[in-house]
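Q: Please work from the sequences and hints to get the whole structure.
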Amino acid sequence: MSTEWGGAPPDVDPRVLEVLVCPLTKQPLRYDRDAQELISTSAGLAYPIRDGIPVMLIEEARKLD
Amino acid sequence: MTTLIDMFRALADPTRLRIARLARNMELTVGELAHVLDQSQPRVSRHVRILAEADLIDRRKEGSWVFVRFADGELAASAGAMLAHEGDPEGDVARLEAVRADRVAAAEDYFAQHASNWDRLRMLHVSDNEVETAIQDMLAQRPLGALMDIGTGTGRMLELLAPKARSAIGIDRSAEMLRAARGKLEAAGLGHCPVRQGDMFALPARDASVNTIVLHQVLHFAHRPELAIAEAARVLAPGGRLLVADFAPHDHEELRRDHAHARLGFADDAVNEWMAQAGLIANVPEHLEGKLTVTIWLGEKPALEAEKAA
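Protein chains in written order, with our numbering: chain A, 1 to 65; chain B, 1001 to 1310.
These are calculated hints, taken from the structure and not from any lab test.
Be aware that one or more of the hints could be misleading.
Claimed, not checked - Beta-carbon label-pair distances, calculated as ranges:
| no. | chain 1 | residue 1 | chain 2 | residue 2 | range |
| --- | --- | --- | --- | --- | --- |
| 1 | B | 1273 | A | 35 | 43 to 49 Å |
| 2 | B | 1292 | A | 27 | 28 to 34 Å |
| 3 | A | 25 | B | 1061 | 36 to 42 Å |
This one's a predicted model, so the numbers in the text were calculated from it and none came from an experiment.
From the three backbone atoms N, C-alpha and C, an ideal C-beta is built for every residue, glycine too.
A: Here it is, written out as structure tokens:
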């Protein structure tokens, strides 16, 4: 399966992954399975996944170095 | 008939100038103005009255709150252009954002506390059956396609509509609500239906990527409902539909006091105008009488010309 997430968590419908983007820049996200984060390179932000639920809130995101 | 001299007299006061500037920026309440200006409500009300008498601002009463917004007239527009020159010298807009952020935080606490008994709490104010049937009927004319439920709470709309959608996603700001939603969706055999923590004013979705959006009993929690509708319209694909179900104007002040409501219902025209401003074609809304009347609005994003011809 090829999505811009670079591999999706097994429980998630890929058709839905395709519409999800960074809420700030509306650009694609990359899924970092080890860190359990969704990376927005364009915004320089990493959105956490807590209890399996992606937290797509700008104020909750971690700034990338 | 307002004359120039009336208008300038009304504006020739530092506080009133600040009020006019804020109102130009967004609709806000006298209570919010009092916070931002750090003055008593009666004092602010007096200033607001003077501005309203000079046709610079419009007042709208909603329960015990008075909403203030910049007037539409030609003179007001010229005055507004003058005000724009100075920007926001007192930092009032930033202060207003802070006041609103506090309210959002209070609402979040409210949702976190009530996630476990949310379904029961919802039923106190309105009987769901009739409204849910009306929503299903209204959406039944066309396939749902990709569905997004904004402010999904415990996931009731997903439970109702996801089985008919090609794909479905629920968005809510509250992690506690979403945990409850996930449990319920799994029990309903809809465990594949994803939920995301997100903000109705900054959706984590591409432009024109969703066919059906539902804002069910959500808009009354929004301090700037027009922006929530505009954001939904952005995400809607051509030919897509936005359904808003919410209360008609009411005077149940306790919903604002105890249940985090920001608005005591919406007039038909208010939501239809916001939809029109967001580029949607609004239909005639439907009303369901009850202890509190519920209104259902449906807006459609125009289809692309090429598709229409096809």
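Q: All hints, please: hold or fail.
A: Verification of the hints:
1. 1273/B / 35/A: 43 to 49 Å: holds, 45 Å
2. 1292/B / 27/A: 28 to 34 Å: Violated, at about 41 Å.
3. 25/A / 1061/B: 36 to 42 Å: holds, 40 Å
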